[in-house]
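As a plain string of letters, each chain reads:
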Amino acid sequence: EAGVAQSPRYKIIEKRQSVAFWCNPISGHATLYWYQQILGQGPKLLIQFQNNGVVDDSQLPKDRFSAERLKGVDSTLKIQPAKLEDSAVYLCASSLETGIGYTFGSGTRLTVV
Amino acid sequence: QKEVEQDPGPLSVPEGAIVSLNCTYSNSAFQYFMWYRQYSRKGPELLMYTYSSGNKEDGRFTAQVDKSSKYISLFIRDSQPSDSATYLCAMSALDKIIFGKGTRLHILP
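Residue numbers (the numbering used here), protein chains in the order written: chain A, 1 to 113; chain G, 1 to 109.
Under the rule of at most 30 Å between Cα atoms (straight-line distance), these lysine-lysine pairs were calculated in the DSBU-like manner:
#1 K101(G) with K67(G)
#2 K101(G) with K56(G)
#3 K78(A) with K44(A)
#4 K15(A) with K101(G)
#5 K42(G) with K101(G)
#6 K11(A) with K101(G)
#7 K11(A) with K96(G)
#8 K42(G) with K83(A)
#9 K101(G) with K62(A)
#10 K2(G) with K44(A)
#11 K71(A) with K42(G)
#12 K83(A) with K101(G)
#13 K78(A) with K15(A)
#14 K83(A) with K96(G)
#15 K44(A) with K96(G)
#16 K67(G) with K56(G)
#17 K44(A) with K11(A)
#18 K67(G) with K2(G)
#19 K70(G) with K96(G)
#20 K67(G) with K44(A)
#21 K44(A) with K56(G)
#22 K70(G) with K2(G)
#23 K96(G) with K62(A)
#24 K96(G) with K71(A)
#25 K2(G) with K101(G)
#26 K2(G) with K62(A)
#27 K15(A) with K83(A)
#28 K44(A) with K70(G)
#29 K101(G) with K44(A)
#30 K2(G) with K78(A)
#31 K11(A) with K83(A)
#32 K67(G) with K96(G)
#33 K42(G) with K62(A)
#34 K78(A) with K42(G)
#35 K78(A) with K101(G)
#36 K71(A) with K44(A)
#37 K2(G) with K83(A)
#38 K42(G) with K44(A)
#39 K15(A) with K62(A)
Rather than coming from a laboratory, the hints here were simulated on the basis of the structure.
Start from the sequences, fold in the hints, and give me the full structure.
If you want it as structure tokens, here you go:
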């Protein structure tokens, strides 16, 4: 079974620039999540999709972050404009069932300078 | 009070020792309790999950949940250098998973 694919692996941008991350979940997984993991912290949920629809985006900074999941498969997460405090690893995960046993990708490490 | 509390470590133990990792939580609605392992520059991978209270064993790993004390543990027997990683506890009430900060574990050869 192929895992969760994410790209790019690393990204360095200047503050106020924009950036986008891509995720391809495990085939058949209806639920997709984006997490932000700041160094030394546990992952924090940004947004959860069930197929095409958003289930939870309560912790997504909507003034600068946006996410979409087209056709219930791939997803993109965008930051515009980026701030220094957005430096983190952005993890995508997918699961068959909500709330148990997510499979994570390797993440995109973002550095904002 | 945070929903999930976990000591960040680092925790260093000699190879072959028994390791005990712990988390406490405040939300009594949590029903599923998970342990993830995260190697450097990798995403977390699910080690074990337990439903409600009790113990679960998988090879050298044992997970314990005490819902009355809101306390969960992961024990690693015969620890190996390859067990060196960050261990994240995680909990769910079947809506979303809440993670602890993670404990960095070093197994010394």
